[in-house]
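*Asks:* Spelled out, the chains give:
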Amino acid sequence: LAKTTQPISMDSYEGQEVNITCSHNNIATNDYITWYQQFPSQGPRFIIQGYKTKVTNEVASLFIPADRKSSTLSLPRVSLSDTAVYYCLVRSNFGNEKLTFGTGTRLTIIP
Amino acid sequence: KAGVTQTPRYLIKTRGQQVTLSCSPISGHRSVSWYQQTPGQGLQFLFEYFSETQRNKGNFPGRFSGRQFSNSRSEMNVSTLELGDSALYLCASSLLASSGANVLTFGAGSRLTVL
Numbered sequence: 001l002a003k004t005t006q007p008i009s010m011d012s013y014e015g016q017e018v019n020i021t022c023s024h025n026n027i028a029t030n031d032y033i034t035w036y037q038q039f040p041s042q043g044p045r046f047i048i049q050g051y052k053t054k055v056t057n058e059v060a061s062l063f064i065p066a067d068r069k070s071s072t073l074s075l076p077r078v079s080l081s082d083t084a085v086y087y088c089l090v091r092s093n094f095g096n097e098k099l100t101f102g103t104g105t106r107l108t109i110i111p
Numbered sequence: 001k002a003g004v005t006q007t008p009r010y011l012i013k014t015r016g017q018q019v020t021l022s023c024s025p026i027s028g029h030r031s032v033s034w035y036q037q038t039p040g041q042g043l044q045f046l047f048e049y050f051s052e053t054q055r056n057k058g059n060f061p062g063r064f065s066g067r068q069f070s071n072s073r074s075e076m077n078v079s080t081l082e083l084g085d086s087a088l089y090l091c092a093s094s095l096l097a098s099s100g101a102n103v104l105t106f107g108a109g110s111r112l113t114v115l
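The listed protein sequences correspond, in order, to chains Y and Z. For what it's worth, our numbering labels the leading residue of the first sequence as 1, then goes sequentially. For what it's worth, our numbering labels the leading residue of the second sequence as 1, then goes sequentially.
A few of these clues could be false.
[What the hints assert, rightly or not] So the derived list for chain Z, only partly shown, Cβ under 8 Å to chain Y, looks like this:
id : residue
1  : Gly42
2  : Leu43
3  : Glu48
4  : Asn56
5  : Leu88
6  : Gly100
7  : Ala101
8  : Phe106
[Stated by the list, open to error] Stretch by stretch, here's where chain Z covers chain Y in the computed footprint (C-beta under 8 Å, at least three residues):
id : region
9  : 29-35
10 : 40-48
11 : 101-109
[What the hints assert, rightly or not] Some residues of chain Z that are not near chain Y, with every Cβ distance over 10 Å (derived):
id : residue
12 : Pro61
13 : Gly62
14 : Ser70
15 : Asn71
16 : Leu83
17 : Leu112
The hints are simulated quantities; they were obtained by calculation from the structure and are not laboratory data. Bear in mind that the values here come from a model prediction, so they are computed numbers and not experimental data. For each residue, glycine too, the CB sits at the ideal point set by N, CA and C.
So that you can see chain Y by itself, here it is in the shape it has in the complex (with noise of 0.2 Å):
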C-alpha cells in the first residue's frame, strides 16, 4: 500500500500558479494517482488523475516524474475560490486494498 506525504499548508497570492507536491515512495506498479478538492462541509471532488507523466485537464496539470515515486498538482492563475484542502489518493487497479487517503494539504489564497 502506497503511503502519501503532502505538505499541512500552502500559501499562494491571487493569480499565481500553485504546486502541490505529493510523495510517494512506495508506489506500486498497478497504482493511479488522483487528486481530490475539497471545500469546508463538503464531500471531495475530482480533480484529476494520473499514471505517469503528463495529464493536463481544464482545470489543472499533473506532472509524474518516470520514478513515479512522486506528483506534483499544479494549478494555473489561482484566484480565492481555489482556497481547499487537496488530497492525493494512491491505489491500485488491482489487488483489495483500503482506501486510504493522506492528510491534504490545506491551500490558502490570499488577495
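Based on the hints, put chain Z in the right spot on chain Y.
*Replies:* Below, chain Z without anything else, positioned relative to chain Y:
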C-alpha cells in the same frame, strides 16, 4: 445525471443511541465506500462495498457497521454512540471496486452531532 445522495444531511443524537445513515450512489455505480471526517482530520476510511459484499474495512470498532443492498444503495450504522463519533460522514460511489483508475464521486455528507 443525479449525484451521490446522502440522508439525512444533519442529525443530532445523544450518547448511547444508535444512528443509521443512507447513501444512494450514482446510477450504474456498484461500489460504495464510507469515510469519517472529524475537525482537522483527514478522511478516515470506514468500509467499502461492492455487489452487496464488504470488500474492505478500516480500523474502526465493531460499533460501526454497514451494508449494501441489491440496488447498490448502502447504509451505515453506528451503535452505542460516543461523543467522539461526532463527525461528517461521507460516502463515495464508483463504477468498480478495488480499482485505482476508478474515480470516486462523493456525496455532500451527513453531519452527526452526539450530545
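*Asks:* Hints first: check each against the structure and report whether it holds.
*Replies:* For each hint, the structure was consulted:
1. Gly42: 5 Å, holds
2. Leu43: 4 Å, holds
3. Glu48: Since chain Y brings a Cβ to about 6 Å from Z:Glu48, closer than 8 Å, the hint holds.
4. Asn56: OK, holds: Z:Asn56 within 8 Å of chain Y, min 5 Å.
5. Leu88: 7 Å, holds
6. Gly100: 4 Å, holds
7. Ala101: 5 Å, holds
8. Phe106: Cβ of Z:Phe106 sits 3 Å from chain Y, so the hint holds.
9. 29-35: Check passed, 4 qualifying residues.
10. 40-48: Check passed, 6 qualifying residues.
11. 101-109: holds (count 4)
12. Pro61: Check passes; 16 Å lies beyond 10 Å.
13. Gly62: Its Cβ never comes within 10 Å of chain Y, the nearest being 17 Å, so this holds.
14. Ser70: Answer for Z:Ser70: holds, closest chain Y Cβ roughly 22 Å.
15. Asn71: 21 Å, holds
16. Leu83: Check passes; 20 Å lies beyond 10 Å.
17. Leu112: At roughly 13 Å from the nearest Cβ of chain Y, Z:Leu112 sits farther out than 10 Å, so the non-interface label holds.
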